[in-house]
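Construct all of the structure, not just a fragment, from the sequences and the given hints.
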Amino acid sequence: MTISMLKAGTAATLMTLTMVLMIPPALAQQSDLPRLLFLTYAGLYAHPSLADAERVVTQLGQTGGFEVTTNQGYAVARDAMDLSYITREYLNQFDALMLFTNGNLPMADSQKQAILDFVTAGGGLIGTHAAVLTFYDYAPFGEMLGGYFKGAVGQNRLVVLNVEDRDHPATRMLGPSWPVVDEFYRFGTAAWNPATPDANVDELFGLPIPVAFSRERVNVLLSINTALTNLEGLPLQADGDYPQAWWRNYGDGRVFYTAFGHEPDTWNYNKVFQAHLLGGIRWALGLEN
2 MTISMLKAGT
12 AATLMTLTMV
22 LMIPPALAQQ
32 SDLPRLLFLT
42 YAGLYAHPSL
52 ADAERVVTQL
62 GQTGGFEVTT
72 NQGYAVARDA
82 MDLSYITREY
92 LNQFDALMLF
102 TNGNLPMADS
112 QKQAILDFVT
122 AGGGLIGTHA
132 AVLTFYDYAP
142 FGEMLGGYFK
152 GAVGQNRLVV
162 LNVEDRDHPA
172 TRMLGPSWPV
182 VDEFYRFGTA
192 AWNPATPDAN
202 VDELFGLPIP
212 VAFSRERVNV
222 LLSINTALTN
232 LEGLPLQADG
242 DYPQAWWRNY
252 GDGRVFYTAF
262 GHEPDTWNYN
272 KVFQAHLLGG
282 IRWALGLEN
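As numbered in the numbering used here, residues 2 to 290 make up the sequence shown, in order.
Wrong hints could be hidden among the right ones.
[Said to hold, decoys possible] Calculated pairs, DMTMM-like style, for lysine to aspartate or glutamate (alpha carbon to alpha carbon, straight line, at most 20 Å):
1) Lys113 x Asp253
2) Lys272 x Glu184
3) Lys113 x Glu90
4) Lys113 x Asp138
5) Lys113 x Asp83
6) Lys113 x Glu144
7) Lys272 x Asp53
8) Lys113 x Asp80
[What the hints assert, rightly or not] Label pairs and their calculated CB-CB ranges:
9) Gly152 x Arg216: 10 to 20 Å
10) Gly123 x Gly176: 32 to 42 Å
11) Ala239 x Asn269: 33 to 43 Å
12) Gly287 x Gln63: 16 to 26 Å
13) Asp33 x Asn157: 39 to 49 Å
14) Thr59 x Leu159: 25 to 35 Å
15) Gly155 x Glu90: 40 to 50 Å
In short, the hints are calculated from the structure, not lab data.
A virtual CB, placed ideally from N, CA and C, is assigned to each residue, including glycine.
Here you go:
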């Protein structure tokens, strides 16, 4: 085989790969079941659990009464990801959108607005873990989801969660508290101000926080019990409040967020987490109230 033939073959392979990346994810086998679109994207940090997340959510759909379409974002390089197919028309094929993403996704503002319009019109939105590091460049998204990441509460750390609402489908399986290991988050409680540029930025990437988290905007389900959790050596939240999961209505749609999901073991082996997530997904899809 000549060098020119090798070059031609490489070019053809790259062209084929580009064409594949531009094709929207194939819809799951159509039925009367609600449909969930699950997008993963690593714009800032590639979580080791992305592939596990797509697989587990697909399995949860098989037992939970909904179909799942994934984009296999874990297998695509950040700069090669093409999300140009995300339009209102494409989203309208689904009943809810789930995000395990971070960074400013390669979308035009019109596409970001299409996501908001989809939820406003009655679609569901589920965010897990790093979804709160998504679209720092589009504040309306953070307002809809509930807030933005400020910093971590340690990785692979045991925390005790207060279960603030035991009536929601995402927490009905829990008692008054939940000891669990994963990475948890702190959220920005004030928006970035150019007059104080070093304040109210996320601690990992220095991104300005465009929207402050507020309990007035969401209904908190889980928060860290600071009396029972060892936070020694960690940056502390000034107000002592560490919410980790919540829900809210947005227009006619339902929004659910949980900070869980950093560790692959959380997805693969924590059956309580799987039940928590399944309850949140089914609620966002309108299958439970």
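Structure-based check of each hint:
1. Lys113 x Asp253: The hint holds at about 18 Å.
2. Lys272 x Glu184: holds, 17 Å
3. Lys113 x Glu90: Holds, because 13 Å separates the two Cα atoms, which is no more than 20 Å.
4. Lys113 x Asp138: Given that 20 Å is the threshold and the Cα spacing comes to 10 Å, the pair holds.
5. Lys113 x Asp83: holds, 14 Å
6. Lys113 x Glu144: Since the Cα atoms of Lys113 and Glu144 sit roughly 13 Å apart, the hinted pair holds (cutoff 20 Å).
7. Lys272 x Asp53: Satisfied, since the Cα-Cα distance of roughly 14 Å is no more than 20 Å.
8. Lys113 x Asp80: Given that 20 Å is the threshold and the Cα spacing comes to 18 Å, the pair holds.
9. Gly152 x Arg216: 10 to 20 Å: holds, 18 Å
10. Gly123 x Gly176: 32 to 42 Å: Given a distance of about 33 Å, which is inside 32 to 42 Å, the answer is holds.
11. Ala239 x Asn269: 33 to 43 Å: The hint (33 to 43 Å, Cβ to Cβ) holds, given that Ala239 and Asn269 are roughly 35 Å apart.
12. Gly287 x Gln63: 16 to 26 Å: holds, 19 Å
13. Asp33 x Asn157: 39 to 49 Å: At 41 Å between Cβs, range holds.
14. Thr59 x Leu159: 25 to 35 Å: Check passed, 29 Å falls within 25 to 35 Å.
15. Gly155 x Glu90: 40 to 50 Å: holds, 42 Å
Hint violations for this structure: none, all hints satisfied.
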